[in-house]
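Visitor: Sequence:
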Amino acid sequence: MSVPSDIEIAQAATLRPITDVAAEIGLGPDDLDLYGKYKAKVALELTTRPAKGKLVIVTAINPTAAGEGKTTTSVGLAQALRKIGTNAVLCIREPSLGPVFGVKGGAAGGGYAQVLPMDDINLHFTGDFHAISSAHALLSAMLDNHLQQGNALNIDPRRITWPRTIDMNDRALRKVIIGLGGPAEGVVREERFVIIPASEVMAIVALATSAADLEQRLGNIIVGSTAGADRKPIYARDLKAHGAMAMLLKDAIRPNLVQTLEGGPAFVHAGPFGNIALGCNSILATRAALAVGDVVVTEAGFGSDLGAEKFFDIKCRFGGIKPEAAVLVATIRALKMNGGAKKTELATEDVAALKRGVVNLEHHIQNVRQFGMELVVAINRFGTDSDAEIAIVREAAEKAGARVALCEVFAKGGAGGEALAREVLDILKGGKSKYQPLYDAKRPIKEKIDTIVKKVYGGEGADYSAKADRAIAYLESIGLSETPICMAKTQYSLSDDATKLGRPTGFRVTVNDVYPVAGAGFLVAQCGEIMTMPGLPKAPAAEKMAIHPDGSISGLF
1 MSVPSDIEIA
11 QAATLRPITD
21 VAAEIGLGPD
31 DLDLYGKYKA
41 KVALELTTRP
51 AKGKLVIVTA
61 INPTAAGEGK
71 TTTSVGLAQA
81 LRKIGTNAVL
91 CIREPSLGPV
101 FGVKGGAAGG
111 GYAQVLPMDD
121 INLHFTGDFH
131 AISSAHALLS
141 AMLDNHLQQG
151 NALNIDPRRI
161 TWPRTIDMND
171 RALRKVIIGL
181 GGPAEGVVRE
191 ERFVIIPASE
201 VMAIVALATS
211 AADLEQRLGN
221 IIVGSTAGAD
231 RKPIYARDLK
241 AHGAMAMLLK
251 DAIRPNLVQT
261 LEGGPAFVHA
271 GPFGNIALGC
281 NSILATRAAL
291 AVGDVVVTEA
301 GFGSDLGAEK
311 FFDIKCRFGG
321 IKPEAAVLVA
331 TIRALKMNGG
341 AKKTELATED
351 VAALKRGVVN
361 LEHHIQNVRQ
371 FGMELVVAIN
381 RFGTDSDAEI
391 AIVREAAEKA
401 GARVALCEVF
411 AKGGAGGEAL
421 AREVLDILKG
431 GKSKYQPLYD
441 AKRPIKEKID
451 TIVKKVYGGE
461 GADYSAKADR
471 AIAYLESIGL
481 SETPICMAKT
491 QYSLSDDATK
501 LGRPTGFRVT
511 VNDVYPVAGA
521 GFLVAQCGEI
531 MTMPGLPKAP
541 AAEKMAIHPD
551 GSISGLF
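Those letters in the sequence shown? Residues 1 to 557, per the working numbering, in order.
Keep in mind the hints are simulated off the structure, nothing from the lab. Hints may contain errors.
Quick list of the computed label-pair ranges, beta carbon to beta carbon [said to hold, decoys possible]:
{"id": "1", "residue 1": "R192", "residue 2": "K232", "range": "15 to 25 angstroms"}
{"id": "2", "residue 1": "K442", "residue 2": "R508", "range": "45 to 55 angstroms"}
{"id": "3", "residue 1": "T348", "residue 2": "K399", "range": "43 to 53 angstroms"}
{"id": "4", "residue 1": "K432", "residue 2": "S2", "range": "56 to 66 angstroms"}
{"id": "5", "residue 1": "I84", "residue 2": "P4", "range": "22 to 32 angstroms"}
Taking lysine-lysine pairs in the DSSO-like style, the calculated list, with each CA pair at most 30 angstroms apart, reads [as the list claims (entries may be wrong)]:
{"id": "6", "residue 1": "K454", "residue 2": "K175"}
{"id": "7", "residue 1": "K467", "residue 2": "K454"}
{"id": "8", "residue 1": "K322", "residue 2": "K429"}
{"id": "9", "residue 1": "K37", "residue 2": "K412"}
{"id": "10", "residue 1": "K83", "residue 2": "K175"}
{"id": "11", "residue 1": "K343", "residue 2": "K232"}
Idealized CB from N, CA, C, for every residue including glycine.
Can you make the complete structure from the sequences, with help from the hints?
Guide: Here it is as structure tokens:
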């Protein structure tokens, strides 16, 4: 069956007034600030109400470059749950403009399992990313102004760690020189840019639990250190920037309410990437959803080795959140690619490649189960999948201890996810999930990294560059060793080498750097060749996009 493009489906949909969507989950006019007819910000008070819902986390196997439909499955599951009579609420991240105009596209789902208004959500939405960019830029400006105005804090320009940010894939900004032009133009120094989903301000918005907590976290951002042997850390609060930054974010921390294609409620808030950052939507949005829904469906970026591990070990730990079921999305095409099939031949039946690649699925099932979670594997079905291939995946998943459900929400909407929805409800009814984080955050830094490498990636351990060793020694000296670890690595492999597909063994991960994200409350271990500022491909998706005289958009999906 041929399915229209995502934008065609979205443009043909009849949206409900967001006030009607809100009313269905008990929210009235006083709980909302409207952004037109179909978008709203909810009051922060909603996030303080007692949780009544049960939380379901959706994760995935290692993806192909095009992604494997994790967001689509999340949206479709929420639609399916509502279709069979459950008060379900969706809770996902906001898209970044970088991937929208690059390769991957946005993060609003696809086919008949989308969140709407899709074009708004994938472009400027309610302005959250712009507010985060402005708050980040304010700290950058105040930092360089402090250097220019006498540098009373004795900041060493060579040891500034705070980057600048922009929400675009732009490799030319990875390493730049600023302050050129003479004494009046500022202090000359090296600078770098990161994409907004990798900004510490984004991570703080995602992890803040209140307006007061937001401001405190902003004050805890480390921007660099002093000159001399003592290398005293310099914080945003030392520059007196955190109050104004919090002011710029006063609306951005409030969750956004929109709707699914089938008119159900969806909170879309915060957007850290899963490979180079936290990979989860905000604690505040999740709490809001749990306060009004009986079942809440959320997702975490890329595979269980990245977003899900961070969801369990960082977000749930900080937010006091207890997930009660998990969904692991898999596609036969990705498993065949993990088994050595060529990218151009994934639509052709290849049982041998699938049997080689299914070990990747088995590892991800093991990953989710070690956090104490009962799970169902959602086979995101493509029209080219054969019955023999589906049988192989089903058998492997069941043998590994997971339930299995075919998922066809892309082509059929909620109706295509009812089998998955019923499996999820059965897990929730059984109450057997016993969530627990993987490690004690108070353990030494290297021990925590090794735990993740061995237990989550299946590796032998981690090796550290001289730079990483120096960084760890410094972090321990300033009291930042007892925090969770956020691993930054490729999403395409369980290892830090994107070419090692399937279920590699005997490998070691190379940690090139470890740096603090003190405001958010964790340390980042940067592995392999991962970058925090992506570049555009040879033929960016932007080349095919346009807006027409009647205001309609084409090429966005």
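Visitor: Each of the hints needs a verdict: does it hold here or not?
Guide: For each hint, the structure was consulted:
no.	hint	verdict
1	R192 x K232: 15 to 25 angstroms	holds, 22 angstroms
2	K442 x R508: 45 to 55 angstroms	violated, 25 angstroms
3	T348 x K399: 43 to 53 angstroms	violated, 26 angstroms
4	K432 x S2: 56 to 66 angstroms	violated, 41 angstroms
5	I84 x P4: 22 to 32 angstroms	holds, 26 angstroms
6	K454 x K175	violated, 33 angstroms
7	K467 x K454	holds, 22 angstroms
8	K322 x K429	holds, 15 angstroms
9	K37 x K412	holds, 27 angstroms
10	K83 x K175	violated, 50 angstroms
11	K343 x K232	violated, 50 angstroms
When the structure is compared with the earlier hints, violations turn up for hints 2, 3, 4, 6, 10, 11 and for no others.
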